[in-house]
Structures are given as structure tokens and as C-alpha cells.
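Protein chains: 2
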Amino acid sequence: MIIDCHGHYTTAPAALTEFRDAQLARLADPSLPVPATPDISDDEIRQTIEGNQLRIARERGSDLTIFSPRASHMGHHIADPATAVAWARVCNDLIYRVTTLFPENFAGACQLPQVAGEPLDACVDELDRCVRQLGFVGCNLNPDPSGGYWTSPPLTDEYWFPLYEKMTELDVPAMIHVSTSCNPAAHTLGAHYLNADTTAFMQLLQGDLFGRFPTLKFVIPHGGGAVPYHWGRFLGIATREKRPPIDSHLMNNVFFDTCVYHQPGIDLLTTVIKPGNILFASEMLGAVRGNNPDGDFPWDDTKRYLDKAPLPAADRAAIFELNTRRIYPRLDARLKSVGP
Amino acid sequence: MIIDCHGHYTTAPAALTEFRDAQLARLADPSLPVPATPDISDDEIRQTIEGNQLRIARERGSDLTIFSPRASHMGHHIADPATAVAWARVCNDLIYRVTTLFPENFAGACQLPQVAGEPLDACVDELDRCVRQLGFVGCNLNPDPSGGYWTSPPLTDEYWFPLYEKMTELDVPAMIHVSTSCNPAAHTLGAHYLNADTTAFMQLLQGDLFGRFPTLKFVIPHGGGAVPYHWGRFLGIATREKRPPIDSHLMNNVFFDTCVYHQPGIDLLTTVIKPGNILFASEMLGAVRGNNPDGDFPWDDTKRYLDKAPLPAADRAAIFELNTRRIYPRLDARLKSVGP
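Each protein sequence line maps, in turn, to chains A and B. Counting from 0, one number per residue, gives the positions in the first sequence under numbering that gives the first Met the number 0. Counting from 0, one number per residue, gives the positions in the second sequence under numbering that gives the first Met the number 0.
No lab work stands behind these hints, which were simulated from the structure alone. It is possible that some hints are incorrect.
No copy labels: a pair is met if it fits in one copy or bridges any two.
Said to hold, decoys possible - Lysine-lysine pairs mimicking DSBU-like chemistry, simulated, CA-CA at most 35 Å apart:
hint, residue 1, residue 2
1, Lys273, Lys307
2, Lys307, Lys165
3, Lys241, Lys307
4, Lys335, Lys241
5, Lys241, Lys302
6, Lys273, Lys302
Construct the entire structure; sequences and hints are all you get.
Shown next, in the form of C-alpha cells:
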């Protein structure tokens, strides 16, 4: 089977955006009513999924997607904790409905109600709710809830530990994923996302987080940002800064997805990074839509690039399925429970 | 001949750092005297160059380095314009002395006295002085003088235009190079430098700077940050955001250096980016010192990776020499004036 570990509900019904708009309007004018839970029918969900993510997954030959709310709309820069909690719940509840309508095709990963500078209690609670009550298998963790100004401490700081304790208790990984950039210097999809991936990896290299949380697991999306392309730089910096070898220090706990949208990039990723650390993903429908003129197929059809990469069958199976089942044990348990 | 377009005086005599320390001490306590110009002899300069950059360049077989002050010490986050001007002058004057002591081996690129949020008049003046009076051939331009908080407008904003007008008038390119990160979230060498490269490229993609300044040229160092690895992503985003094709929109004006410290990275760079847009560089002695265990040679001996890359002779000559002479016309003129 083929598992795509990185999909967002970028095609959610318009009522979701209307709810968010009403939330933001109420922040500007507190005399407005608390917005009601968006009224979205099962049929609307079916349409937006069957006509988009599910159709495309079938066309491309992937079976199951780990599905989370739209990353750029998480909006953690909105500095109101109650708003963040309500927004995360609404978004996650909608993902839950996708996973119940299409249980063979989607597993949930939750949005956390992060707010820069605020404690993580609400995030811990929402993660617990999503995993225990809604059957989610992972979460998205934003290392820069300020949205491009990087005001939060590094991921190795004890600020984040309450969340790591809950992740450890529940045995769920986090994908490190920022939301929209509010900073005019950093384009959301073309700079902020990639920078966050690189920044997070380097934070982990500098620290010793996995000495304290040995079973914690992070997926760094977008092929690890700049990291694999500069793998020699990171190996060299680790030595120069007297950090342990990256392989033993980080690579039991850190994984890169395959959201790299051209053949040479995927070839580099699979050459440089061990197959056990690569998870198949496309982020379809995500940052890059439209067709690669080299062959007239979608840029984000990453399965094509992997199919062409010179990989032994065992590595291919690891990347397409087995690594993800290992990193997301709750997904693996669910798949085992429904039979072979 | 082989030209390394990216070297910094990271081995400058201790008196330079003592001058900087005295500057910063005086900012904290204005009753302290204005620090005197550092007293550095020609012999000290010779020793620090002959024992380091020049020795290594000779060992590796490169002939001439475009040399600028230490990037991480530019310290543009220090919010005092007079301090920035004095510091840039001292640093650039020292580079000038290197270029006069070793005229066949070094050409100067200047540090600009940038201060976040301040006008660029002093930068324009210092660029003019360095090029006209000291014979420099380029400059380093910091897109984030705040040092990791990204408070400046994008490089396409008119804030930067006075500098571009002077660069155009003098016909000198800028290397886009940040300085130290003051942000604990972003490691200077392992995150901030690479992020800045990616961010700058995306700013240029979003804007239309070269429509306004058609002869302006930027070198994006460190192999272009994450850009070549994610080339498909950038091509796709350009189409999706209705930008012109990257090739015609940016690639007459934007160039990547070869500071990528492993073979697969250089192979990707030379596969994805046209040879006319790649400039040989090592940033020796820079971010990554020590040896690559695959062959026991220095990580930053980028010539070795290029020598192994499957490139036609004409492309190799372009990358090692001809592109840099084209992008740095004042260097080319100087080389022509001293004969073949």
C-alpha cells in the first residue's frame, strides 16, 4: 500500500472560511455574536474530497493520506487563545468527519491551537482529544506561531516540553509545519515553509532533545527544506560545533517527507538521506499546482519521481509505506486491526 | 584561471576585533574614547593571509578570490549609524590592504554600513568610496540587517533603490549575504544564511526589480540556499502566481555560487541551474572547516566536487572564471589591464 503522510484539507467547503472570517470579525468587534459551528453536510465533504484529493490519489495510485487542516490557514499569529482553541476544534472536527466518511483513505493529524508566547496547555488538551476521542494519528507543530518573525524559543527549549510529554504518552509524531507568513519579507510557500524546515533541523542539531525524549518523532516536510541539499554543510557544522554525529543524534527521531517537486531533487534526497528516514508525501493539493512541462504531469505528483529514482524494492517499500507505519504507530495499529 | 567569488577575511588580526569591542563598549558607555583605527602591520596581514586563505587557495588550485570582510561580524543589528559607518570603513580598508599586498590573488568586495530601518545614504557613499578609491569590484548586501527578525522590506522595495542606482552607475554586483543571527531560533551558519538565500530569491521572483534595474546583478551564495533543490517548486509557484518564467524574469540578473559542501549537492546544482548562472566559490575559511570523511579532504574544497561533476569543458570554464568576469566587469577590466 502507498501512504501519503502529508495532505491538507485545502478544498474544505466555504462555510469553514466563513466561520473563520466571523471569528476574526468578532475579534475586531467583540459585540458581534460568537460564530456558530459551520453547517457543512456530509455530501459537501464527500464532494470536496471525492472531486479533489481522493480522485487525484486514485489517479496517482496512493491509498491513504495522513490528512490535516489547511496549514496556511492555521493562523497561529492571531493572538487570542480562545479563538485559536475554537478554530482548531472546528478544523479538526472537520478532518475527523473526512476520516469517518473515508476511513480507508484518510487518517487524521490535528492542528494545535498555538499562540506565540502562550502556554501549551490548550495544545496538549486538543492533541489528547483528537487522538483519544477522534482517532487521530499525529499532529502539526508550528515552530514559529508568530508567522514569520520567529519569536518563539527553539524546539529544544523546555517551553515545548508539555507537548512533547503528551506526544510521548500518546505515541504520536508531529510534522513540523508553519502557517502563513505575516512577514512581507518571507513568502509563505516559497520561503517561510522551506526556511522553517531548515531552521527546525538546525535547532535539533544544536540541542539534545531526543536524549530527554527518546521516542519523540518529528517529520520535517518539504523534503527537509534546504537540509539534504546542504547535507555536507550540516555534517561539517555538527563536527565543528562538537555536536554528536547527526546519524545517531537525530536520525532515529527525525524524518523528511518527499514533497520535492522535480526529479533531481528527489534523486538528491534519496541519495543523501537513508531510506529509513524518508516518508512518501505529496502535499497534494498544496503549494504547487499545475503541470511540470517536462512530461506534462503535475509538479506535486511525487510518486512519479520516486518511481524513477533508482531505489531497491525494499527501500521503495519503506518510503511508500513501512516507514510511515513505524513513525505513526497508531496508524499501523489501525491498519492491522482491519486486516491485511 | 580559477576565481573564487566568495571569500571573507575570517582570519583578520586580533586588533580588528579589539577595535570592534571598543566600539561596542563605547555604545554602552559613551564616556569612553572613540576607538583609534586598529594598528595592524603589513606583516600581520601577510601572515594571516599567507598562512590561511592564500596557502589553501594555492593547495586547491584557485588563483584569485573576491574578498570581503567577515560576514558574521558585519553586525548590522547594532542600531547606531555612526558606529556602522566607522566599522565598515575599518573593515573595508583592511580588505583594501589585502588587495594591495596580494594584487594577483585578491579583489575587494565591501561591507556596507547598513542599519535596519535607516536610510541607505551611508551605504551608497561607502560603496562609491570602495569602488572608486579602493578599486573594489562588488559589495555584500544584507537583506535582513536586523539579524534574524526580518524587519526590512523585501529587496524589491524602493527602500533599496538608492543603493541599486549606485550599483548600476558603478556597474558592480552585490552578493546577498546576511550577518550573524541574533535570533536564538535561527543558527547563523546552519539556518539564517541558507534561509536568507531562499528568501531573497523568492522576493525577487515576486517582484519586478530587473524591469526597473535591468543591469543590476545579484549573487546568491551558499548554492542558492534551498532554491535549486526545490527548483520544481519555484517554477510551479511562479506559474501559479502568474509571474513571468523564472528564466527570463530572473536568470539574467541572479547567480548562485557553489558553496555546497558535498558531491550530490554540487551535482544537483550543476544539473538544475544553467552553467551561465553558476559562479565558483568556496567561502574558505568559512562556515564549515574540517574534513569530509568521504575522501578525507576539506568539506569546503568545492573545486573537488566541481572537478568530479560531469560538465563539458566550456561549462567548467564558465563556472570557474568566465561567469565571474562577466558579472564583475570591474574585475574583468582589471584582469585585462594586466595582460593575459
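Outcome of the hint check:
no.	hint	result
1	Lys273 / Lys307	both (17 Å within a copy, 23 Å between copies)
2	Lys307 / Lys165	neither (39 Å within a copy, 49 Å between copies)
3	Lys241 / Lys307	between (38 Å within a copy, 30 Å between copies)
4	Lys335 / Lys241	neither (43 Å within a copy, 46 Å between copies)
5	Lys241 / Lys302	between (38 Å within a copy, 26 Å between copies)
6	Lys273 / Lys302	both (18 Å within a copy, 26 Å between copies)
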